[in-house]
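Chains as they are written, first to last, in my numbering: chain A, 1 to 110; chain B, 1 to 115.
One or more of the hints may lead you astray.
Result set (DSSO-like, lysine-lysine): computed pairs, CA atoms no more than 30 angstroms apart in a straight line [to be verified]:
#1 A:K69 to A:K97
#2 A:K97 to A:K3
#3 B:K11 to A:K69
#4 A:K69 to A:K52
#5 A:K52 to B:K78
#6 A:K105 to A:K52
#7 B:K78 to B:K17
#8 A:K52 to A:K3
#9 A:K3 to A:K69
#10 B:K11 to A:K105
#11 A:K52 to B:K17
If you are wondering where the hints come from, they were derived from the structure by calculation, not from laboratory data.
Single-letter residue listing:
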Amino acid sequence: DAKTTQPTSMDCAEGRAANLPCNHSTISGNEYVYWYRQIHSQGPQYIIHGLKNNETNEMASLIITEDRKSSTLILPHATLRDTAVYYCIENSGGYQKVTFGTGTKLQVIP
Amino acid sequence: GAGVSQTPSNKVTEKGKYVELRCDPISGHTALYWYRQSLGQGPEFLIYFQGTGAADDSGLPNDRFFAVRPEGSVSTLKIQRTERGDSAVYLCASRRTSGGHNEQFFGPGTRLTVL
Numbered sequence: 001d002a003k004t005t006q007p008t009s010m011d012c013a014e015g016r017a018a019n020l021p022c023n024h025s026t027i028s029g030n031e032y033v034y035w036y037r038q039i040h041s042q043g044p045q046y047i048i049h050g051l052k053n054n055e056t057n058e059m060a061s062l063i064i065t066e067d068r069k070s071s072t073l074i075l076p077h078a079t080l081r082d083t084a085v086y087y088c089i090e091n092s093g094g095y096q097k098v099t100f101g102t103g104t105k106l107q108v109i110p
Numbered sequence: 001g002a003g004v005s006q007t008p009s010n011k012v013t014e015k016g017k018y019v020e021l022r023c024d025p026i027s028g029h030t031a032l033y034w035y036r037q038s039l040g041q042g043p044e045f046l047i048y049f050q051g052t053g054a055a056d057d058s059g060l061p062n063d064r065f066f067a068v069r070p071e072g073s074v075s076t077l078k079i080q081r082t083e084r085g086d087s088a089v090y091l092c093a094s095r096r097t098s099g100g101h102n103e104q105f106f107g108p109g110t111r112l113t114v115l
């Protein structure tokens, strides 16, 4: 079973920031939070990951709470191409299996 | 550079038949993963290879499923005596295991339909 919980779906207006929450209350000290997204009929695509500090890259920002029990993925200016299922995952960075949940289906509305 | 490729993109077979699904990982990636994804669900882990050996096959549902990676690059997922419940998208991912972070790069998947 997935160890993270996410809302099933969200809508966001095009051009606005999309804020996708994730709860990972049982995360252990050496586990990172990874985010992937899956656009319809494609394989998942890596977005960003973090341990305890906030992270930003060309795709998104990741805000992790101080207690590390939750995080928020931020797409600063959502476009129609950002419509996808977004998965939040715990992973220690080792090579063991990764457990995906059902993710959040983000619909960007024109 | 080339990403992860999977062939065929679609496979339709009849119940009871044998199928093979192929994955070509990114060159130099030593870790390779197979997942199965049913409609409306996230990818479900099947097996992970580190080099030629299966490091974790705990996700394989039963002994009809088997995967190999004989030379540490291309991998084949083999399903014997297929059942209708095996219908799903089978995803392959590879991962560089030296330096940097440990993202997985996914292929486009093979859609398997068992009639």
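When the structure is checked against the list of hints, which entries are broken? Sort them ascending. Of the numbered hints, 3, 5 and 11 do not hold.
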